[in-house]
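If you want the building blocks of each chain, they are given just below.
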Amino acid sequence: MPSMKDLQGRDRPTWCPGCGDHGVLNAVKLAMVNYNIEPHQLLIVTGIGCGSKLPQYMWVNGLHTLHGRDIPIATGAKLANHKLYVMTVSGDGNTYGMGLSHLLHAARRNINITSVVQNNQVYGLTKGQYSPTSETGTVTKTSPPPAGAIEQPVRPLALALIAGATFVARGFAKDPRYLADIIGKALMHRGYALIDVLQPCVTFNRVNTYDWYSERVYKVEEQPGGYDPTDFAAALEKAQEWGDRIPIGILYQVERPTYEDHLPAIREQSLVELGVHRDMAELERLKREFM
Amino acid sequence: MPKNDLTFLLGGEAGQGIESSATGFAKAIAHAGLHIFDLRDYRSRIRGGHNFAQIRVSAEPLTSHRETVHVLLAMTEEAVRRHYPQVPAGGAILYDEALPVEDAIWEAVQARGVQRFPVPLRKIAEEIGGAVVMMNTAATAAAAGVTRFPFSYIEEIIRVNFGKRGEAMVSANLKVADAAYRYALEHYAGSFDHTIEPIPGAPPRMLLNGNEAFAFGAVAGGCRFAAGYPMTPGSPVLEWLAGHANQYGLVVKHTEDEIAAICMAVGAGHVGARALVPTSGGGFSLMVEALGFAGMSETPVVIYNAQRPGPSTGLPTRQEQGDLLFSLWASQGEFLRVVLAPGTHEEAFEAGWRSFNLAETYQTPVIVLGDHFLATSSRTLEPEALDLSAVQVERGKLLSPAELDALEGEYYRYAITEDGVSPRAVPGHPKAVYVGEGNEHDYQGRIAEEIEDRVALNAKRLRKLETARQSMRPPKRYGPAEAPVMLVGWGSTVMPALEALRILNAERPTAQYLHITDVWPFPAEAVAQALGEARVTIAVENNALGQMARLIRQETGIRLEHFISKYDGRPFSPEYIVRGVREVLHA
Ligand SMILES: Cc1ncc(C[n+]2csc(CCOP(=O)(O)OP(=O)(O)O)c2C)c(N)n1
Ligand code: SF4
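From first to last, the protein sequence lines stand for chains R and S.
Going by this note's numbering, the first residue of the first sequence is number 1, and it counts up by one from there.
Going by this note's numbering, the first residue of the second sequence is number 1001, and it counts up by one from there.
FYI, nobody ran anything at the bench for these hints, they're computed from the structure.
Even for Gly, the Cβ is constructed at its ideal location relative to N, Cα and C.
A few of these clues could be false.
[To be verified] Pair ranges (Cβ atoms, derived):
| # | chain 1 | residue 1 | chain 2 | residue 2 | range |
| --- | --- | --- | --- | --- | --- |
| 1 | S | Gln1110 | R | Ala281 | 56 to 62 Å |
| 2 | R | Trp212 | S | Pro1311 | 45 to 51 Å |
| 3 | R | Ile150 | S | Leu1462 | 42 to 48 Å |
| 4 | S | Arg1454 | R | Gly18 | 26 to 32 Å |
From just these sequences and the hints, can you work out the full model?
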């Protein structure tokens, strides 16, 4: 079982002091400790953004890739070696902007990967432009006044549900223990898992602050009457709840065969274990198909 | 009487079944021990519009189609109108008796000394088979009839092709074929000179196109993963691999777009599976950012670009070699990518497996530039021509689990080495935990912006350029070494060029051909040396700008004097090249 110390990276985070990404980093490490996942057993694929640098700040297999493309890269890695745990970690601009179609296709495939999205409702790394989850009217340099952002914000959890994700959750960077539990459960879940994380950007988002969220978030399982995470209609309703009250926790979790389950080629061994071995007699037989 | 040396052209509308009957007809003749070259020409539409297949038959191996057509099988009036000028004296036009062809055309046909063979194709299909769609079965059977090609071969192919669709289907097609065959034999065979006679004892041969050859080569080379988004003419590779995935231990993914396709392949390559993306120009354009990521993160991946005319969606179903310079420089920044341009089916097969060796050895993307002509033309090949025993697997500096177990000290993914290639570990081993990086980084994989790190890592990656040059094969030379003219081409141009050489050199040595298959890193010395021995140099390229000629000039300083260019969306014919050479010589 790894300890928090084992997961220490060579470099310290370059995130702004107080950035929600510190909480996400802690939660990822905690999840590995609590669920006994060694650094070499997990591959964290990230896109581009402040938060996407996360694997640089811990001890784990990482792949820091392209803006918006972490999900298909993770999908390829998972298909090639489904014995690895594969997770993506990236921002909302990355995943709900450029990468939105990849997210929906991953959900409908039910590929067995976990996506953690650091949702700070702005673009951090490119200095504060509005993001796909910014509220209508948000004023930034690319959404100047008077109108501010004209679009409706993306509702990622609802989209993921509609697309067929089998695990849909929301966490809050201020509560890494609770988030770690969700991440651990997501990694243990067989199928596509999306975890939207409320991640305050202390530099560019002066509205959605720790306090702003703290006043609003509540845990679904603590609501009066409890919560049934297998109820799709209830989940869809929760996924669209945003404003005075913001639900966190596992909104939806069901079992459905994963994409990999349908692939006979990797039933016994992963593609990587199959290596480059070829049955020459079989290949000679294949020639006859052309005759 | 000309025997076993002729060309059929089967022309009609999309939706008439030209494609499948041409395939069946070519196969039947190949089964009789003859050689085939089967060229396809079709429009980007599913119904209507003119399509044709040109099937050349010979007792000798073939590498190209020819412009001349001895038997024109016309399913439509348009097919007669378009193709009769290709039929020489002694040739024939076989057509449905009811086709509304203008008198003026028939007069021109007669003036050429070409015979007209009307056959009630439609009537036979309807009355005997019960469906107009069987007209193409009737047409190919009639073509067999006039050339006295034994019916048994046609029968065999019908049984194989329609067997899956039930006995009723087989017997209806057989009846149609038999009636058309007998009609043509009785009415016309006596007055037609060309015949096809089976060659007894000929060894069974393969008949396959360049896409199939490449895909087969990839499987032979240990390809485990393929991802793509359909785009002509690259997608048949994806389809072929998908059809063979379970049997041969592959995962094949039709993705949401080309960006996802290459990203998945890069992900699969990063963790250690040999991964391929088949596509065509527009799809490759979308992949360019990820190409650079593979270059920076030093991830092996193979991209097969079956070129078609651009820009944009251009001519979707046609031929061009227009992506050469784009392939060399696609993506921002400077890094090694290997570019191969197979020209024949044998070379396509070889590129299928060799590309993975190069990708893994140099830990970088490899682009295989196919083109429409190679991708879609079929040729007969001896089974040994695709030599499985020659297939080698080289994984370069990939560390095995045992080597990792024995590792002393820390593992650094981007260790600085003399040849630029760092020992590679795939994720999953406790001794090799690291971050693969798309940002500039240091030897450990840590994001780095210091001058020393940038220079050291960029220089390391670029050293692979010189290392990889050692794996590049020199160009192949064909034709007599003393021939004064040196034609210079790349990719599938070699196939018609080889025929052109035969024509040009029939009397005295006139031309030789320099065939460049390994395009990047450019084998500059070998190319310069070969060109130094030529008196007249002519670039032959299916593009307008002379991209290879520019590359040669850039890399060797040698300027090719002449250029035979073709960018009308059609492949070179041997005759076109011959005309081009003669123009240069007589100018
Ligand atoms: C193709 C491409 N376009 C634009 C960029 C520039 N870019 C870098 S990060 C980023 C947005 C980051 O926002 P988000 O994904 O929300 O992550 P955060 O920085 O907030 O963590 C952009 C647009 C890029 N790297 N690649
Ligand atoms: S800019 Fe925002 S998201 Fe980026 S590190 Fe700073 S606080 Fe975090």
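- Task: Taking the numbered hints from earlier one at a time, note which ones the structure violates and give those numbers from smallest to largest.
- Result: As far as the earlier hints go, not one is violated by this structure.
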